[in-house]
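Q: If you want the building blocks of each chain, they are given just below.
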Amino acid sequence: MDGDLRIGSAWTRKVSFRFDGEMLTASEGETLAAALYAQGRRTLRTSRDDDGPRGAFCFMGVCQECVVSIDGRLTEACRTPVHEGLVVESVR
Amino acid sequence: MSDYDLIVLGAGPAGATAAIKARSLGLRVAVFDEASAAGGQVYRAPSPARTTTQPEADQRKGDALRAKLATSGAVLYANHRVWSLTSGFSVIAIGPDGPLTLEAPNLIVAAGAVERHIPVTGWTLPGVIGLAGATILLKAHGVLPGRRVVVAGSGPLLLLVASKIIAAGGEVAAVVDAAPRAGWLAGAGAMLARPDLMAKGAGWLLTLLKARVPIHSGAAIRRVDGTDGVETVTIGPVDRNWRPVDGTEPTIAADAVCLGFGLLPSTEVTRLLGAEHRYEPELGGWVPAVDAALQTSVPGLFVAGDGAGVRGADTAPLSGELAALGVARRLGHAGDLASQAATIAADWRRSGRFGAAMSGLAMPPPGAAAMIDAGATVCRCEGLSRATLDSAIAAGARTLADLKATTRCGMGPCGGRVCGEAAAMLIAAATGWDRQTIGQPSARPPLRPVPLAAIAAAFDYDELPIPAPAPL
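If you read the protein sequences in the order shown, they are chains A and B. In terms of numbering that gives the first Met the number 0, the first sequence has 68 at position 69, counting the first letter as 1, and numbering is strictly consecutive. In terms of numbering that gives the first Met the number 0, the second sequence has 91 at position 92, counting the first letter as 1, and numbering is strictly consecutive.
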């Protein structure tokens, strides 16, 4: 999937964050799940069960599919606002 | 003495209105919500990253509700996850500043609903998202689910999501509705009672017709394929009982799928506290049994909004007011609340018919289990296919607890909130029992995943009491 899926409207200032080492940008306060999804980074982890790619599904804190690691703590990307310098690692 | 007279769980339209009403009657009120602001899913506050100048109708309604709650004097604990409760009532939560336990003799549970899912092969691919999740992406985050999207499942969210994608400049490759076209006409009687909402639905449909979106009624997704994400979607016809039948099975190129089959009332709190429940298919399934004041079988435990039965956002505030009046009367409030409650109850019943008709339209008939292929992953957390669950059922599993014990279905981090209903459908299909007979899963704390470090106090190993060894 190409391009940015954000719908053209005014956004707050850009901040930088890291996802598995890759430098990405987001608008300050955007949730991590929305920022990654909008930029085509839809695979957030690999399934332990079938090695298949997994990504955000419910966007409301129910399904736990978007869980990532921030400072060694597991957290749902859909409930995490992005701020400058955030370092995010995918989990298995 | 309790911290509050009333604690409200959930700050959507039902919970926020309940809190505002209870405050106006002089009660001391606290409200808990997982989100960072009040509004619930339907009026979810826009992401602070967006600076939209022309808010849509839903956002204006949400802003008005948030403003009213903020000045009501009710204390809002936003960003707080309630992960356990005890009777009486203690509400045990975790928030940004750590754990928090509050007590009140009355509780209004306005926990809303979760989406009902019927698994399909390939639904674990990135880019397949829930219909409810799609509304959050579109409305709160200003993000399209994809460039070319298949919108599939059942119920009114199909039209809402598809029309929002088009309005935002995306393409809808197809709308795939399991219900036969006649199903919508059957609900028309109830819709006529709410011309305002009917006009809203007609507006969505018009958007789709103008954009020439193919609408497949009586059809369902057979499978979703792709390497790193959605690439193609194969659909096919289903009969009136939603069983797949022979017919053309076109494959549609798409980069995203929005999928959902209506809403299920969230009942884990009322189950945890031991309230009685009854099965009401037109309200989304299992709902707490309530009296005229929306009080459950547990004294002081009230419910409101979609968690009391899916009736929709327009009805939710009325149930919030009704429950708040019930709490005030239970506390011996001096005013004449009985006649007020009777008027609101009549409005609530009238208003609820439309929402219940919509909810009934989304409800899968028993045959829908046939839409799930043997190889389709049912329990996403534990990676369990239908075939795995079917063998456990063949070996004797008859309840969701049996399935959990034998396969780990529902034991993952989602707590069975994504797969539970599908698992129950599979037991029903194999046994020929109706959904009611299979019952509900038991609710146990933690109701939400909680980091152990956040609830356990800091300690030194030296401080741990070590019991003296038993004499040999």
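Just so you know, these hints were derived from the structure itself, not from any lab. Keep in mind that a hint or two might mislead.
Unchecked claim - Capping the alpha-carbon separation at 20 Å, the derived lysine to any residue pairs in SDA-like fashion look like this:
{"#": "1", "chain 1": "B", "residue 1": "Lys-60", "chain 2": "B", "residue 2": "Glu-281"}
{"#": "2", "chain 1": "A", "residue 1": "Lys-13", "chain 2": "B", "residue 2": "Pro-47"}
{"#": "3", "chain 1": "B", "residue 1": "Lys-67", "chain 2": "B", "residue 2": "Trp-82"}
{"#": "4", "chain 1": "A", "residue 1": "Lys-13", "chain 2": "A", "residue 2": "Gly-51"}
{"#": "5", "chain 1": "A", "residue 1": "Lys-13", "chain 2": "B", "residue 2": "Thr-50"}
{"#": "6", "chain 1": "B", "residue 1": "Lys-199", "chain 2": "B", "residue 2": "Pro-54"}
{"#": "7", "chain 1": "A", "residue 1": "Lys-13", "chain 2": "A", "residue 2": "Val-66"}
{"#": "8", "chain 1": "B", "residue 1": "Lys-199", "chain 2": "B", "residue 2": "Lys-209"}
{"#": "9", "chain 1": "A", "residue 1": "Lys-13", "chain 2": "B", "residue 2": "Asp-57"}
Please read these numbers as outputs of a predicted model, since none were measured by experiment.
Q: Is the hinted pair A:Lys-13 and B:Asp-57 satisfied, with a Cα-Cα distance of at most 20 Å?
A: violated (27 Å)
Q: Sort out whether B:Pro-47 lies within 20 Å of A:Lys-13, counting only the CA atoms.
A: holds (13 Å)
Q: Taking 20 Å as the top limit, are the C-alpha atoms of A:Lys-13 and A:Val-66 close enough?
A: Violated. A:Lys-13 to A:Val-66 sits at ~23 Å, over the 20 Å cutoff.
Q: Could you grab the alpha-carbon distance between B:Lys-67 and B:Trp-82 and see if it respects the 20 Å cut-off?
A: violated (27 Å)
Q: Straight-line Cα separation of A:Lys-13 and B:Thr-50 no greater than 20 Å?
A: Since the Cα atoms of A:Lys-13 and B:Thr-50 sit roughly 13 Å apart, the hinted pair holds (cutoff 20 Å).
Q: Verify the proposed pairing of B:Lys-199 with B:Lys-209, using a straight-line Cα cut of 20 Å.
A: OK: B:Lys-199 and B:Lys-209 at ~16 Å, within 20 Å.
Q: Mind checking the alpha carbons of A:Lys-13 and A:Gly-51 for me, to see if they're no more than 20 Å apart?
A: Violated, at about 32 Å.
Q: Would the hint linking B:Lys-199 and B:Pro-54 be met if the CA-CA limit is 20 Å?
A: holds (17 Å)
Q: Given the hinted pair B:Lys-60 and B:Glu-281, is their alpha-carbon gap at most 20 Å?
A: violated (27 Å)
When the structure is compared with the earlier hints, violations turn up for hints 1, 3, 4, 7, 9 and for no others.
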